[in-house]
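S.K.: In order, the protein sequences belong to chains C and U.
Residue 1 is where the first sequence starts when you use my numbering, and the numbers rise one by one after that.
Residue 1001 is where the second sequence starts when you use my numbering, and the numbers rise one by one after that.
Since the hints were derived computationally from the structure, they do not count as laboratory data.
In this text the structure is predicted, and so the values were computed from the model without any measurement.
Where is the CB? At the ideal position from N, CA and C, for every residue including glycine.
Which chain U residues face chain C? A few, computed with CB under 7 Å, are given here:
1) Arg1104
2) Asp1119
3) Gly1140
4) His1147
5) Leu1153
Computed Cβ-Cβ distance ranges for the label pairs, DEER-style:
6) C:Pro145 / U:Arg1077: 52 to 62 Å
7) U:Glu1032 / C:Ala23: 37 to 47 Å
8) U:Ala1158 / C:Ala23: 24 to 34 Å
9) U:Ala1056 / C:Arg138: 14 to 24 Å
10) C:Tyr33 / U:Asp1073: 46 to 56 Å
11) C:Arg37 / U:Gly1008: 45 to 55 Å
12) U:Ile1112 / C:Pro145: 36 to 46 Å
13) C:Leu137 / U:Leu1113: 12 to 22 Å
14) U:Ala1072 / C:Gly16: 22 to 32 Å
15) U:Asp1037 / C:Pro145: 52 to 62 Å
16) U:Gly1023 / C:Leu38: 27 to 37 Å
17) U:Glu1016 / C:Ala23: 19 to 29 Å
18) U:Gln1040 / C:Pro34: 49 to 59 Å
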Amino acid sequence: MRPETLTSLAIDRELGELPPEVAELFDAYAQEYPGARLEASAMGETIRVARDAVRLRADPAPVADVRHGRPRPGRRLLWVAQAAAAMVALGLGIWIGRETARERTATVARNPPVRPDAGSRAEEGLWVRYQVAYDGLRGAYTVAPHP
Amino acid sequence: MDTIGKSGDVARLYEESRPALFGYFIRRHRSEQAVEDLLQETFLRLLRRPERLRQARSPRAYLFGIARHVSADAWRRAPPPAEDGVRLETLAAATPDPRISAAREMMDGLPILQREILDLRFQHDLSYEEIGETLGVPTGTVRSRLHHALRMLRERLAREDALAEGSHTDET
Chain C
1 MRPETLTSLA IDRELGELPP EVAELFDAYA QEYPGARLEA SAMGETIRVA
51 RDAVRLRADP APVADVRHGR PRPGRRLLWV AQAAAAMVAL GLGIWIGRET
101 ARERTATVAR NPPVRPDAGS RAEEGLWVRY QVAYDGLRGA YTVAPHP
Chain U
1001 MDTIGKSGDV ARLYEESRPA LFGYFIRRHR SEQAVEDLLQ ETFLRLLRRP
1051 ERLRQARSPR AYLFGIARHV SADAWRRAPP PAEDGVRLET LAAATPDPRI
1101 SAAREMMDGL PILQREILDL RFQHDLSYEE IGETLGVPTG TVRSRLHHAL
1151 RMLRERLARE DALAEGSHTD ET
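Working from the sequences, and respecting the hints, build out all of it.
M.R.: Take a look at the structure:
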């Protein structure tokens, strides 16, 4: 996973902005990779400092240019490219095997997590790869099982 | 009856949101008297078009959006007085954590829109989507600006930590 993607996910996770399924994927990823855990911890601390700084700091500045009407569309092409890049990066970087009691589509198999020392059980399950991407146009994450 | 129902919704929203909006205005305008006037203006504007409240995806964000306009209009008429600012600054000055001081310094250098986003998120706990509705910008823009600010802050804090470690090493 690219560092900037990991950082973005860590921020959104800490702020509670990840959809539940994406948060679960990220938590599983962080559990597998110490680097991801460190990043999540570091961003958590940064957010704590930011929150304290904002709450202790009076901001008498006037608001930014107030615009009436609908929001501007923004830099759509850039967000499309970023969303596509994030999808590729996360699709290649996140391999998660899971055991779940929830309903899944026919393309997803229910499997126990595969650990380095669980070689004897590997034949019982399949790694499932998920594609996770942030759609800047919609302002939301999308999650889909990789075919 | 229909009119009464609408007024009841607005009244309930007013009671629920008043503390948050008071905090929003006092941080920008400092004078409690001025803040009371701004609160009244906010809800007067809300009452003029109650149907917009029902159409809003987030009543809270819609209300903050009105408050933002009210605040901007008040600034255009006259900047806020400085005398009530001592209370907040004293509280801020009492903070011993140098990391928070560094964070404040960094934030002071950010564009106004980014500072607004930080304020709405960390002071008022609005979601990305609610902040976008309040400010009239796409949710993706809110997210990217917030992420950028946090990345900058992290780099700044890392430098502060390195400096602190260096000072500690020199002393030992």
